[in-house]
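Number of protein chains: 2
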Amino acid sequence: MTAGRQIDFWFLIGSTYSYLSVMRLQSVEASSGIRFNWRPFNAREIMVEQNNRPFVGKPVKSAYMWRDIERRAGKYGIPIRTPAPYPLTQLEFANQVAVVAAEEGWCAAYTMATYRRWFQMGLEPGKDPNLSDSLREAGQDPDRVIREARSERIANALKAATDSARALGIFGSPTFAVGNEIFWGDDRLDDAIAWSQHGTLQSQPGAPAPH
Amino acid sequence: MTAGRQIDFWFLIGSTYSYLSVMRLQSVEASSGIRFNWRPFNAREIMVEQNNRPFVGKPVKSAYMWRDIERRAGKYGIPIRTPAPYPLTQLEFANQVAVVAAEEGWCAAYTMATYRRWFQMGLEPGKDPNLSDSLREAGQDPDRVIREARSERIANALKAATDSARALGIFGSPTFAVGNEIFWGDDRLDDAIAWSQHGTLQSQPGAPAPH
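Chains as they are written, first to last, in this note's numbering: chain A, 2 to 212; chain B, 2 to 212.
Since the hints were derived computationally from the structure, they do not count as laboratory data. Incorrect hints may appear among the rest.
For identical chains, the list gives no copy identity; a pair is met inside one copy or between any two copies.
Here are the simulated BS3-like pairs of lysine-lysine, each with C-alpha atoms no more than 25 Å apart in a straight line [unchecked claim]: (1) Lys128 to Lys76; (2) Lys160 to Lys59; (3) Lys160 to Lys62; (4) Lys160 to Lys76; (5) Lys128 to Lys160; (6) Lys62 to Lys128.
Keep in mind the model is a prediction, meaning the values are calculated, not measured.
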C-alpha cells in the first residue's frame, strides 16, 4: 500500500541531529517503500529570523545534545565521534553544493559522504578536505561543482528553497513533510511515515497499541 | 528482569509536552514493571537562568508544538483540547502543591487530575476551579493542602528539588533519569526504559533492529 508514497526531507547540512536521519533514510526507504526527496534549505536563516537559537550560548543543553545523539547513533548502529566541529563556518556554501547535487540527482550521496566525514572524522563540511573528497565519493568533479555552487543562480536557488520551507511553517532541520503536514526532528521520522501511510497517527484497527 | 527498576520522572506542571508523559506513565508502569518516582521541580527557573525559552516569542514553533502534541496524544489515545492556556500564571504554586503531594504519596493522582483539567477542559493548574477539584479528586482536603503548599518549608523544598535537578544536568521537563543518565522529552521515554533495562540503547543480541 506504500508504493509511490513520498516524503520531503528538508535538511540543513550543519544541523547536528540531521546526522541520524541522513544516515538511515536509505535503509528506511528500502524497508518501507517510501521515497524521500532530499531538499536542502537554510534552516539557520529561519532560526535567526525567529530568534530560535537552541544551542549557541547554552552549554548544558549542548552537552546533553551530544550525549543524546551519541546514544541514539548507538541505537541505530551508526558510527559516531562526538563532539563534531560545531557550528560550521562554511554552512551556506556546504548547502549550496547540496542544491547543485539535488538538481543533478546525487544529493543523498553527497550529503551522506560529507556528514560521515563530519561526524566520524571530525572534518567540517563545506571546506577541504571534506568538500572535495565527498564530491569525489559522489562521483563528481570537485572543480566543476564548486564553481557551479558559487554561482548567483545557485545562491538564489538555496534562498528559494528556504522560502518554500518557511511557507510550509518549517523552522528547523530535519523536517519531514507529508503534503502540508510537517514533522520536525529525527525522532519524528516514524510519525511522518505513519502519516504518509494512514493520514493520522491514531492507532489503526488491529495494530498493536503503542505504550 | 525489570522488577525493582526505577526511573526518576522529573517534571514541571506547566510544561506542555509533559502532558503526554503524565497521562501514560501508569500504563507504562503496568506493562514494564518499572516504577516511576514523580519528582516536581521548577524547570522554568533553570530555563530562565540558561536563556532557554523555547516557545515565548516564537509563534511558528509554538503553533507546531500544539499540532505535534495533538497528533501524539492521538497516537497514545489521550484526549486533548488544544491550545490549552499557556504559559501558566500560577506555575510555582501549582508545583508547590505537587511537592506536598510527593511528600505524602499522592503526586501522580494530583498531577494527572490537574493536567486533565488543563488539557481537556482548558482550566489552568494552580488556581480554582482546577486546583481544589484536582485535590478533591486525589482524596485531599483543599484547605489543608493549600495552606501547607504556601508554607516556607514547601517553597524551600521546591527550590531544593530544583537544585537537585540542576546538579544532574537537567534543563527541561519532562526528564527521565536513570541514575546519572538523563533523557529529556516525552519522546525519550522509550530510551529511558531501554537504558534502565540494559544500560545502553544499542540493540541487544536477538532483538529486532530499529529502523
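Hints breached by this structure: Result: hints 1, 4 and 6 break, sorted rising.
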